[in-house]
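> What follows is each chain in one-letter form.
4 protein chains.
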Amino acid sequence: MLIVMKKGTTDKTVQSVVTAAERRGLTARPIPGGDRVSIGILYNKGSVDAAHFMGLEGVKEVIPVTKPYKLVSREFQLENTVVSIGGALFGGQDLPVIAGPCAIESETQTLTIAKAVKQSGAAVFRGGAFKPRSSPYSFQGLGEEGLKILAKVREETGLPVVTETMDVENFDLVEAYADAVQIGTRNMQNYSLLKRAGRSKLPVILKRGMSATLEEWLMAAEYIMEEGNPKVILCERGIRTFVKHSRNTLDLSVVPAANKESHLPLIVDPSHAAGVRDQVMPLAFASAAVGAAGIMVEVHHKPDEALSDGAQSLLPAQFDQLMQKVNAIHAITGTKAL
Amino acid sequence: MLIVMKKGTTDKTVQSVVTAAERRGLTARPIPGGDRVSIGILYNKGSVDAAHFMGLEGVKEVIPVTKPYKLVSREFQLENTVVSIGGALFGGQDLPVIAGPCAIESETQTLTIAKAVKQSGAAVFRGGAFKPRSSPYSFQGLGEEGLKILAKVREETGLPVVTETMDVENFDLVEAYADAVQIGTRNMQNYSLLKRAGRSKLPVILKRGMSATLEEWLMAAEYIMEEGNPKVILCERGIRTFVKHSRNTLDLSVVPAANKESHLPLIVDPSHAAGVRDQVMPLAFASAAVGAAGIMVEVHHKPDEALSDGAQSLLPAQFDQLMQKVNAIHAITGTKAL
Amino acid sequence: MLIVMKKGTTDKTVQSVVTAAERRGLTARPIPGGDRVSIGILYNKGSVDAAHFMGLEGVKEVIPVTKPYKLVSREFQLENTVVSIGGALFGGQDLPVIAGPCAIESETQTLTIAKAVKQSGAAVFRGGAFKPRSSPYSFQGLGEEGLKILAKVREETGLPVVTETMDVENFDLVEAYADAVQIGTRNMQNYSLLKRAGRSKLPVILKRGMSATLEEWLMAAEYIMEEGNPKVILCERGIRTFVKHSRNTLDLSVVPAANKESHLPLIVDPSHAAGVRDQVMPLAFASAAVGAAGIMVEVHHKPDEALSDGAQSLLPAQFDQLMQKVNAIHAITGTKAL
Amino acid sequence: MLIVMKKGTTDKTVQSVVTAAERRGLTARPIPGGDRVSIGILYNKGSVDAAHFMGLEGVKEVIPVTKPYKLVSREFQLENTVVSIGGALFGGQDLPVIAGPCAIESETQTLTIAKAVKQSGAAVFRGGAFKPRSSPYSFQGLGEEGLKILAKVREETGLPVVTETMDVENFDLVEAYADAVQIGTRNMQNYSLLKRAGRSKLPVILKRGMSATLEEWLMAAEYIMEEGNPKVILCERGIRTFVKHSRNTLDLSVVPAANKESHLPLIVDPSHAAGVRDQVMPLAFASAAVGAAGIMVEVHHKPDEALSDGAQSLLPAQFDQLMQKVNAIHAITGTKAL
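Protein chains in written order, with this note's numbering: chain A, 1 to 338; chain B, 1 to 338; chain C, 1 to 338; chain D, 1 to 338.
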């Protein structure tokens, strides 16, 4: 349930409504908006009587929220959430691009790529230190050594860095080095990990599960927000379908659908959806055109030697072209205002 | 199998290779390209010995084609096929837009919409006279009366018109009125209908089946080309997936994949994929950005009163905005050269 | 809308209700049941006032039917429809099995297989004379010559025969030879063909479309029934999913779901779902166990030489085993009574 | 790579081959079979030269294994793995049934159901103490209190108990109470959890991911086996498709496909696939018929009051019927011998 306060209500009045709710055994959380404050009532088992709150001072309206999520919904917060990764703003007017190799392989490789993508205008650097791999016999990443290389990238290029965290055990370690953490497709419903991310101070990029509905995805984001971390960025990366011409099917209709349903920024990763280089560039253009809040692509200077996902990595020169065109498209289609 | 002739080979030499193939019981079909002629060998059961042809005058190369289709493939014809619908060119440098209501409901409705879309820059008018409907109790279209209204639209606006044909029985009738015929999603593998379309002089817009792979779709196009009609335009309109936030999932990765595999122009219909108006505009932008050879959208001046698919129809004013933006995007991303 | 008449109502009273409906511009169709008659009101655009009928003589109840289909629904007819193909009863207590090769290739092949499956207890013989093939270059069937061979099979073995009809043009021809016609997966929403089948006197086996929902499938059956042919048998043959270990995914949950929703018999074809021989037998057992009203399998005496679908055909000895086990399982799980 | 030893080779000879492999920097693991020992060579990056081993004493054959998994494959171990959960054998001649409520709600509820299913012949009791829920606001299970109730069930009924473990943090706790642990659908690719399960002494029931291919599922099992735990039971529970008449689509073709590819026992859970009670019974019959190595169903004595998944739980009387019929079917179709 959502209690919408009148404009200009004082903090004290807001607090008195929170206290009133708590006296009834409910959890109340104030949500500051652009010009007014709302109060979310969480965990109400069964229905809560709106009449309890309607008469209180400062209360304008009481809205029942019937969705299985609350904090992530537009009903709860009308304005876009803007998440900053080291100064790059997702959810605002810009179209920041995250780029880098699938996996951190060595310092030389990583720095070479980082300097190239920085030059072309990337806003954030990405690279995997812990790699979730379907087979236990595939390259699993450099671990902490990879994290140290990422730190060096930040130092030398000034780019903030994002990397994947696969479990609660290594979360502290990743947190110590990264500017943002990524939760991968396979872990979208790993609730222990989501809760740990909810207790982090870092922004979280939450990739959509292979066959997750929009509702399930938003509920996964709710797990993070519900623990106290509002800095969630959703990332579409293709869904599993019967199709054979691409690794996954990039679901761009989810962008307007999620923008309508939630205030969280949604970025698109065309590299994992495509699986082949030929498709990455046109799908990145389409992602900019459809109104994504950011784009994440894989770039490798020697894709044929990459330890993972070389086939879908762009060459630096291709990435440079991509940046020019996505910026030009973004200038036309702009951001989804609300 | 494909026999590639040397540049500048005379028609007579080409003919002598065709004759040689026919003497061996094979069907040979010359395919004129930009700067050279190739000869397709069709229906060869089992393998044909390349050596039979390598030594003949004018033959440059003999390429075995292992795909289950031939005429539609890039291997067979390197240059894009450009299909004209009443002067609007699909597969060239432009991005023609086809617009109109889902169903023809009345002369007034149809002319009102046609004038509006013409004004905004639509290149072709669309409207259904025969409607395939899942339920026998839904509105099935006006039939020939609808076709007559389409003819009137052409007369009054100068726009060429395209409409769906659902069966062999009514094909002659549709052919008598339309500038291009459309074969719908449900009929993509109606082989009798495909063969009839292959004997038509009109261009054919072939919609992708609800769960068709790219290969199956190209084989359906092959049925049409194989009967002698090379004027085939492919139309992506969304595939069936587990997703609930849109009616179908628009598969934009099929655009670069099909462009690589086939020389046929591929247009995108975001209206049927989306199912709701909110998504049509951003998906149309994405279609332009991904490199579609055209866009088809539904427009209705009174969508709330439409007899079918009102929820996904754009208002004329929205369509006007759409035209400006897709043209601006197309100017950036251009056409897929080959 | 459905008007349920009191038990023992005379035909004359029923007719007077029909006349009353027709006077209001409605189409009314009496549906005889086990112990009472109901009257279906078809094509009512908008709502029909139940009060018009509640007071009439003999009327017990008036039930609004909100589904997009009527004639096929359990609400409309409570008892199972039992369809006879040359004496083999689908929808009753038995589990008749339909067997034969994918395609009719020659008289010798066909008779050899027919005698074998007859001996093992098959109730109906199947074989394709017109074959829908994804590629125009694949074997398309023997046509009328194949139909003549089927007639010979019936003559020599006494087995009724079923074969596919692909279009309206050849429907008369197929009808002249077969005991039942099959409408294939690709034609499930070929409405012209469905309507033609609705005007046939023969039973129709309607295969489920590759990605058809249960509702769409029942609406396709409604097209046939609505034209006047109540002898429809539904056939599940696998749906398209992301799965790679079988050609299609056999959806056995559709059997109880359809039995709940519709009175029509539903048979299962495990051969097309599996695509490989290893899986056909266990899936046939599962089909019997789940309550199918019949089973259809492909049998070939020389599968390695078959012109189509040899990989999924059982050998006659395997079919013999299959028959014994499915009969034993059917004796345990019985038929879905209602 | 797999080194197959001659029959009757001594342990010492086997060990000398292992040592030879290790000297080359490879990991070698002896795999005892029915009548001979094989040695698996793991983690070989790139190809390993078979010639290194062909000449060694006792070596019969060297087989390259090209699959992305090794330990789980039939090529690696021909005989079925038989896994015991407290004496109930999965993978042998029997068809043990696991039954119980979705969630442990109270001692009374749990014991009531446990006594009922024991009486009907269930071999193992199931019940969730930690529940993965899509929404953070749904009932999340009783935690350790639930585990204590499970221990009491075992004490009072003698039934071994299985329950889900959702993360590494709570694994020790679950392990302390349960006879087998279950890894749920959402965690099939939670590699940290899989590795922890691989270091457990308990059998692991590994549910198939919502959209996992057979290959991905087997690779997840490989993660467990590779850490040293060979007691893995696969559990099919339905996959995500476009279908709306059931919660998921039970993929029974995976049973013969997995039995061909892997030696691990595969059980089927029709309750989660169906989502509605009506379908559970027929799908359980089908699971027995298709050759499952066990069945897992949800039973609740008051399904309308269940805190989760009541709609798909069978009543004890229905479960009793189910047991009789699945046993009768299993007597006909037997186990998949190999």
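Keep in mind the hints are simulated off the structure, nothing from the lab. Just so you know, not all the hints are guaranteed correct.
As the list makes no split between identical chains, a pair holds if one copy fits it or if it spans any two.
To be verified - Straight line, CA to CA, 30 Å or less: simulated BS3-like cross-link-like pairs of lysine-lysine:
no.: 1; residue 1: Lys302; residue 2: Lys260
no.: 2; residue 1: Lys7; residue 2: Lys148
no.: 3; residue 1: Lys302; residue 2: Lys118
no.: 4; residue 1: Lys195; residue 2: Lys244
no.: 5; residue 1: Lys325; residue 2: Lys302
no.: 6; residue 1: Lys118; residue 2: Lys244
no.: 7; residue 1: Lys325; residue 2: Lys260
no.: 8; residue 1: Lys60; residue 2: Lys7
no.: 9; residue 1: Lys201; residue 2: Lys302
no.: 10; residue 1: Lys195; residue 2: Lys148
> Does each hint fit the structure? Answer for all of them.
Verification of the hints:
1. When the C-alpha separation of Lys302 and Lys260 is checked against a cutoff of 30 Å, the pair qualifies only between copies, where the shortest distance is 24 Å, while the shortest distance within a copy is 40 Å.
2. Neither within a single protomer nor between protomers do Lys7 and Lys148 lie at most 30 Å apart by alpha-carbon distance, with minima of 48 Å and 52 Å respectively.
3. Within a single copy, Lys302 and Lys118 get their C-alpha atoms as close as 17 Å, which meets the 30 Å cut-off; across copies the closest is 50 Å, which misses it.
4. In the homo-oligomer, the alpha carbons of Lys195 and Lys244 lie at most 30 Å apart only across protomers (26 Å), although the nearest pairing inside one protomer, at 35 Å, exceeds that limit.
5. In the homo-oligomer, the alpha carbons of Lys325 and Lys302 lie at most 30 Å apart inside one protomer (23 Å), although the nearest pairing across protomers, at 37 Å, exceeds that limit.
6. In this homomeric assembly, Lys118 and Lys244 never come within 30 Å of each other (Cα to Cα): the closest approach is 34 Å inside a single copy and 38 Å across copies.
7. In the homo-oligomer, the alpha carbons of Lys325 and Lys260 lie at most 30 Å apart both inside one protomer (26 Å) and across protomers (21 Å), since each shortest distance falls under that limit.
8. Taking the closest pair of Cα atoms, Lys60 and Lys7 come within 30 Å of each other only inside a single copy of the chain (9 Å); across copies the shortest separation is 60 Å, beyond that limit.
9. Taking the shortest Cα distances, Lys201 and Lys302 never come within 30 Å of each other, neither inside one copy (35 Å) nor across copies (44 Å).
10. Within a single copy, Lys195 and Lys148 get their C-alpha atoms as close as 25 Å, and across copies as close as 25 Å, so both meet the 30 Å cut-off.
When the structure is compared with the earlier hints, violations turn up for hints 2, 6 and 9 and for no others.
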